[in-house]
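Please model the complete structure; the sequences and the hints are all you need to start from.
Protein chains: 2
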Amino acid sequence: MTLQLQSFMKSNIPLVEKHMDDLVKIITAPEILKESMLYSLNAGGKRVRPLFVLAVMDHFNVKDDAAYTVGAVIEMIHTYSLIHDDLPSMDNDDYRRGKLTNHKVFGEAFATLAGDALNTLAFGILARMQHVDAEKRLELINLLSIAAGAEGMVGGQILDIQGEEKQLTLEELEKVHINKTGAILRFSIEAGAILANATADERSILAEYAHHIGLCFQIQDDILDVVGTTEQLGKTAGKDVASDKSTYPALLTIDGANKKLQQHFRLAIEALDKLPSDSILLKEFAEYIVHRNK
Amino acid sequence: MTLQLQSFMKSNIPLVEKHMDDLVKIITAPEILKESMLYSLNAGGKRVRPLFVLAVMDHFNVKDDAAYTVGAVIEMIHTYSLIHDDLPSMDNDDYRRGKLTNHKVFGEAFATLAGDALNTLAFGILARMQHVDAEKRLELINLLSIAAGAEGMVGGQILDIQGEEKQLTLEELEKVHINKTGAILRFSIEAGAILANATADERSILAEYAHHIGLCFQIQDDILDVVGTTEQLGKTAGKDVASDKSTYPALLTIDGANKKLQQHFRLAIEALDKLPSDSILLKEFAEYIVHRNK
Numbered sequence: 001m002t003l004q005l006q007s008f009m010k011s012n013i014p015l016v017e018k019h020m021d022d023l024v025k026i027i028t029a030p031e032i033l034k035e036s037m038l039y040s041l042n043a044g045g046k047r048v049r050p051l052f053v054l055a056v057m058d059h060f061n062v063k064d065d066a067a068y069t070v071g072a073v074i075e076m077i078h079t080y081s082l083i084h085d086d087l088p089s090m091d092n093d094d095y096r097r098g099k100l101t102n103h104k105v106f107g108e109a110f111a112t113l114a115g116d117a118l119n120t121l122a123f124g125i126l127a128r129m130q131h132v133d134a135e136k137r138l139e140l141i142n143l144l145s146i147a148a149g150a151e152g153m154v155g156g157q158i159l160d161i162q163g164e165e166k167q168l169t170l171e172e173l174e175k176v177h178i179n180k181t182g183a184i185l186r187f188s189i190e191a192g193a194i195l196a197n198a199t200a201d202e203r204s205i206l207a208e209y210a211h212h213i214g215l216c217f218q219i220q221d222d223i224l225d226v227v228g229t230t231e232q233l234g235k236t237a238g239k240d241v242a243s244d245k246s247t248y249p250a251l252l253t254i255d256g257a258n259k260k261l262q263q264h265f266r267l268a269i270e271a272l273d274k275l276p277s278d279s280i281l282l283k284e285f286a287e288y289i290v291h292r293n294k
Numbered sequence: 001m002t003l004q005l006q007s008f009m010k011s012n013i014p015l016v017e018k019h020m021d022d023l024v025k026i027i028t029a030p031e032i033l034k035e036s037m038l039y040s041l042n043a044g045g046k047r048v049r050p051l052f053v054l055a056v057m058d059h060f061n062v063k064d065d066a067a068y069t070v071g072a073v074i075e076m077i078h079t080y081s082l083i084h085d086d087l088p089s090m091d092n093d094d095y096r097r098g099k100l101t102n103h104k105v106f107g108e109a110f111a112t113l114a115g116d117a118l119n120t121l122a123f124g125i126l127a128r129m130q131h132v133d134a135e136k137r138l139e140l141i142n143l144l145s146i147a148a149g150a151e152g153m154v155g156g157q158i159l160d161i162q163g164e165e166k167q168l169t170l171e172e173l174e175k176v177h178i179n180k181t182g183a184i185l186r187f188s189i190e191a192g193a194i195l196a197n198a199t200a201d202e203r204s205i206l207a208e209y210a211h212h213i214g215l216c217f218q219i220q221d222d223i224l225d226v227v228g229t230t231e232q233l234g235k236t237a238g239k240d241v242a243s244d245k246s247t248y249p250a251l252l253t254i255d256g257a258n259k260k261l262q263q264h265f266r267l268a269i270e271a272l273d274k275l276p277s278d279s280i281l282l283k284e285f286a287e288y289i290v291h292r293n294k
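Residue numbers (the working numbering), protein chains in the order written: chain G, 1 to 294; chain B, 1 to 294.
Hints are computed from structural coordinates only; laboratory data are not their basis. You may find that some hints are simply not true.
A partial selection of chain B residues facing chain G, derived with a Cβ cut-off under 7 Å [unchecked claim]:
(1) T28
(2) M90
(3) N119
(4) A127
(5) A148
(6) A150
(7) I161
To be clear about the criterion: a stretch of chain G counts as covered by chain B if any three or more of its residues have a C-beta under 8 Å from a C-beta of chain B, and this derived list gives those stretches [claimed, not checked]:
(8) 24-34
(9) 155-168
Result set (SDA-like, lysine to any residue): computed pairs, CA atoms no more than 20 Å apart in a straight line [stated by the list, open to error]:
(10) K136/G to A134/B
(11) K63/G to D278/G
(12) K245/G to A109/B
Bear in mind that the values here come from a model prediction, so they are computed numbers and not experimental data. Every residue gets a Cβ at the ideal spot worked out from N, C-alpha and C, and that includes glycine.
As structure tokens, then:
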């Protein structure tokens, strides 16, 4: 990782985390529920999604505290999806980011409700961003609802579960990931563009970048499941192979998956080159996504 | 039930249901997910919440198709909460409204995700109501997020679960219901007032009405669990007594619960009497809530 990206992350991650913390602590709700929400929000993670909002804002040289709020909101949606994914009726995971999963600490009922509460809270926070133009807030709410719901993340999760029963084609596998992880990543980049008043052209270029970065993210995730260790990943490694899951390495071999990863990486960079001004941070971010080892 | 209320329900319920159906059918998502969402949305129910939006609009003599959209959205939130409530890790119910619960038909994972998708979709629909003023849409989103989330319905659900372990005081029991069922009922009435451009005074009077109606609704629910049959209710009767749950009849006896019901009913009617114009439909609605037998 370059020094610039490192310093960008080091200065911004604590601010995103502070925003999440404050946004939950301020609400009037049963203490155990807030504790459960905060437990998973504070369980670490790379904070890739909020960082993308901020990196896009940085590209356009726009500073606005709303970026941290929107980043915190996206991380809440991401966190709720992990809490529900980890439930026994879904992936049945005991560990996440090296810590016990929410339901292992708070029980299934409270974990389900903590996820629900985070999902619902996210939209209220966007609606309350007083100093952001009303039309912009509505656009963010509309797009987040699409990205996170049946047409995006939740729909992708359904496809993923259905895919466990059969061998997927590469096209089907791509569809799972474009929805399951891609939709929220694309929204993060789009949200940054909206807050920074990007033009329609710039937004469509960034959407192209986001599409390829989303796939890079998932391919690398699949590769890490094969080549990484449980300790390094903070979650059980080798789960995909053990469950005979359709993944990029399973369909293409590790070499083939790496080639696919490089291909999408190049397309992401080529998209960025179409932007009017240079975008060093977004390029470095793409490199980080491709080379990350956890 | 009076003929006026009967005709009001008969003409409006199919329109609310048509809106829900259309709003789900229009989205691009895996068929099984839409099927699961529609299964629970179409499982019947009294549609009390959307009817409250419409009854308030009717009181102010305002006609606006947005009322059906907002009503449909509220019913989506209510339905998602029932799907999650019925899960084995929560109430573990096999029947709801005389039909198998969502997870008995689609499995726990899909039921969890169908609930998540309905929760998320609700906010997107509100954001997209193009012909409603932007500030109004944001107010509705903000208030729904509060009513449905940790500060309202989800928080109440947490208190309800915690209450299962101990004997609640009357005050604690009221707090559960003001949040668990009351918050969304209050939102329904407030949403009608917002769409009808009610004054601040009218809104505060209606909020008082809503508070007491919410409690009437829950007290009658508790009474029906004791005096109703499973066939009549469409859900297992006598569950509260069997599980030794804190309810109004358990704390006050059936007679005492009935007195409490009448007391809140009177306070609801007294609130309505403060409105500048007569509100026959809202009064009849209150009577229906108090006298309903399912």
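Under the constraints set out in the numbered hints, which ones does this structure not fulfil? The structure breaks none of the hints.
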